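Using the hints provided, position chain L relative to the given structure of chain E.
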Amino acid sequence: MFDIVSTPIDGALLTKEFTDSSAGAIVSFEGRVRNHHNNRSVKHLEYHVYRELAIKEGQRVVAEAMEKFPVIAIKSFHREGQLAIGEIAIWIGVLSAHRAEAYAACQYIIDTVKKRLPIWKKEFYTDGAVEWVGCSHPGHTEIDEDDYYSRQLIQPDVGIAGQDRFRQARIAVVGAGGLGSPALTNLVSAGVGQIDIFDHDKVDVTNLHRQTLYTVDDIGHSKAEMAKKRLELINPFVKITSWPHKVSSEQPLESLQSYDVVLDCTDNLETKYHLNRVCHQAGIPLIIAAVHHWQAILHSFFVDSDSGCFNCLSDATPSDDCVSGCTTAGIVGVVPNIVGALQANEAIQLLLGNKPRSATHGIILDLKNLSQQAMLRTKRDNCSVCQTEPTGKVTFEKKMSETATIDSSCEISWANYANTENRFVMIDIRLESERSADEIFSKNWTCIDASDISRLKYLPQDEDYLLVCERGQTSTILANRLRRAGLTNFYSLTGGVLELGKISSQSNSDTAPINRMLNR
Amino acid sequence: MERIERQIKILYFAKLREESGRDEETVTTTANSASELYAELCQRYSFSLDASVTQVAINEKFSTMKSSLSDGDKIVFIPPVAGG
Chain E
0 MFDIVSTPID
10 GALLTKEFTD
20 SSAGAIVSFE
30 GRVRNHHNNR
40 SVKHLEYHVY
50 RELAIKEGQR
60 VVAEAMEKFP
70 VIAIKSFHRE
80 GQLAIGEIAI
90 WIGVLSAHRA
100 EAYAACQYII
110 DTVKKRLPIW
120 KKEFYTDGAV
130 EWVGCSHPGH
140 TEIDEDDYYS
150 RQLIQPDVGI
160 AGQDRFRQAR
170 IAVVGAGGLG
180 SPALTNLVSA
190 GVGQIDIFDH
200 DKVDVTNLHR
210 QTLYTVDDIG
220 HSKAEMAKKR
230 LELINPFVKI
240 TSWPHKVSSE
250 QPLESLQSYD
260 VVLDCTDNLE
270 TKYHLNRVCH
280 QAGIPLIIAA
290 VHHWQAILHS
300 FFVDSDSGCF
310 NCLSDATPSD
320 DCVSGCTTAG
330 IVGVVPNIVG
340 ALQANEAIQL
350 LLGNKPRSAT
360 HGIILDLKNL
370 SQQAMLRTKR
380 DNCSVCQTEP
390 TGKVTFEKKM
400 SETATIDSSC
410 EISWANYANT
420 ENRFVMIDIR
430 LESERSADEI
440 FSKNWTCIDA
450 SDISRLKYLP
460 QDEDYLLVCE
470 RGQTSTILAN
480 RLRRAGLTNF
490 YSLTGGVLEL
500 GKISSQSNSD
510 TAPINRMLNR
Chain L
0 MERIERQIKI
10 LYFAKLREES
20 GRDEETVTTT
30 ANSASELYAE
40 LCQRYSFSLD
50 ASVTQVAINE
60 KFSTMKSSLS
70 DGDKIVFIPP
80 VAGG
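If you're matching them up, the sequences are chains E and L in order. Under numbering that gives the first Met the number 0, the first residue of the first sequence is numbered 0, with each subsequent residue one higher. Under numbering that gives the first Met the number 0, the first residue of the second sequence is numbered 0, with each subsequent residue one higher.
Chain E with its partners taken away, still in its complex shape (with noise of 0.2 Å):
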């Protein structure tokens, strides 16, 4: 068993009650607060625990242990809260018949339970200095990607292309606030590649009813850094990069050019035009949003369209006194995490290759009512931003269908295949709706979903596997995507069904073999 505990561990106690009469050892380890870490003299420490987390993966690394070495029990509680100089912070008990496998066994769970528990060490130094230490996040190895996105992969139109398309997007989210917190929860979520958080804010007990992303542990704490940290609980196999400081003409977006897409998610206008201003300069798609009590607006540019941009709406650029934002107005923390949502969702719709509404209108909400005006836009002749032509940033489209095809290594055409034919084992990855009962071709193939990847992944690995898609496209993702995982026993057929049916329709020497085999 494992437990986090929030009172003093006795370990005299636990090692006297722990006993089994068919145990000839017990290896027990105290994890100790020391007054030392590099040089620094330690006044006390804080434990902070992802509570959920913690005890269920301390439990099944307690589990692995059982089933790694032939043990008769294993026991051990974590510390949580503040921890004097010599109390301990985690005790670990190991009964068993043998020494050697309770040593190991012991071994085994202090080192797997530093590495992958979330749990945080907060050091109070003699001098004053508090500092985080070994911050770490638990990487969780033996979660797998393609079950965490599977209710997603099953969606027909999102799928392993869909999916692909989300882990090859980088994109920036400036601020971490009311709208950013649910927009940047949707997008890592949702398997987003790189995400980019900025902000320049320390978190306050004011932002907890709607900033969503924060716990009371974080405040006082940097809210790009404490995102950071949720976020790579929520999905670790997102890239994310916190910037702490205030985006602004002298303190510019890092990396701007990568990214697919940037989500404005501040309070306030100098930054919102700012980012309209430098975006469109450099070609990327921005979606800007904003709330006031139930009310909230929200614009999708893609700046090669004629719906202009942000500068284009009003004909001069107003300053911040203008408004009031969420400290001095109020708001109710549902609405920007209805439409911080929103605004992930229309990244996901560009990233999908869709043109949300968002990018022609502006969509003005009213959440008291549920009510939607779209407001058509028009560039604006005189505007100052329009008026120079963005530089030439690769657009997502066009960076997909140039990474799309880079690795064609694993495909098969049709004619080699038909000379090749006993090489492989044929799996249909069609859905049900795309295949016909009265083809022949297909009738000895597997049918697997492209969405059950670990289906596929589970297949012997002593066969070569060709996938067979509609039209080629899902099946050398998918097979690229098999190959990453080491498993280059997968193909793709290029062109898919379709092909096939353009092949039989010629006769040549190249399209015999093809044409025998469908008539055989």
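Among the hints, erroneous ones may be present.
Facing chain E, a subset of chain L residues (Cβ under 7 Å, in silico) [as the list claims (entries may be wrong)]:
{"id": "1", "residue": "Ala38"}
{"id": "2", "residue": "Ser45"}
{"id": "3", "residue": "Leu48"}
{"id": "4", "residue": "Ser51"}
{"id": "5", "residue": "Ala56"}
{"id": "6", "residue": "Ile57"}
{"id": "7", "residue": "Ala81"}
DSSO-like cross-link-like pairs, simulated, lysine-lysine; straight-line CA separation at most 27 Å [said to hold, decoys possible]:
{"id": "8", "chain 1": "L", "residue 1": "Lys65", "chain 2": "E", "residue 2": "Lys367"}
{"id": "9", "chain 1": "L", "residue 1": "Lys8", "chain 2": "E", "residue 2": "Lys378"}
{"id": "10", "chain 1": "L", "residue 1": "Lys65", "chain 2": "E", "residue 2": "Lys378"}
The set of hints was computed from the structure by calculation and includes no laboratory data. On a predicted model such as this, the values are computed, not experimentally measured, just so you know. The C-beta atom is built at its ideal place from N, Cα and C for all residues, glycine as well.
Then chain L, alone, in the frame of chain E:
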């Protein structure tokens, strides 16, 4: 210039909604343009925002304050909003 009376439906948003004390209303006005109508409303409700920073949409299309009005138009005045 000839003053023609027009019926205009106005929707207010954010700060303007609070200052006017209403979500929407239909007014009869002789204003020829959005800016003239806005000036009229400023008189009535003491709006604190200058017309130049206020966005206006006429019949579901973002327009400029100079745009002329027709009978039966639906106008939305949107002040700058920044909360987040």
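Cross-check of the supplied hints:
1. Interface restraint check: Ala38/L against chain E, minimum CB-CB distance 14 Å, threshold 7 Å, status violated.
2. Hint status for Ser45/L: violated, given a least beta-carbon distance of 15 Å to chain E, over 7 Å.
3. With a cut of 7 Å, the hint placing Leu48/L at the interface with chain E holds, because the nearest CB-to-CB distance is about 6 Å.
4. Evaluation of the Ser51/L hint against chain E yields a held restraint, the C-beta minimum of about 4 Å falling below 7 Å.
5. At its closest, the beta carbon of Ala56/L sits 4 Å from a beta carbon of chain E; the interface hint therefore holds under the 7 Å criterion.
6. Evaluation of the Ile57/L hint against chain E yields a violated restraint, the C-beta minimum of about 9 Å exceeding 7 Å.
7. Because the closest C-beta pair between Ala81/L and chain E is about 4 Å apart, less than 7 Å, the hint holds.
8. Proximity of Lys65/L to Lys367/E is assessed by CA-CA distance (about 32 Å); at most 27 Å being required, the pair is judged violated.
9. Of the pairs offered as hints, the one joining Lys8/L and Lys378/E holds, with about 25 Å between alpha carbons and a cut-off of 27 Å not exceeded.
10. Annotation: proposed proximity of Lys65/L to Lys378/E holds, straight-line Cα distance about 15 Å (limit 27 Å).
The earlier numbered hints that this structure contradicts are 1, 2, 6 and 8.
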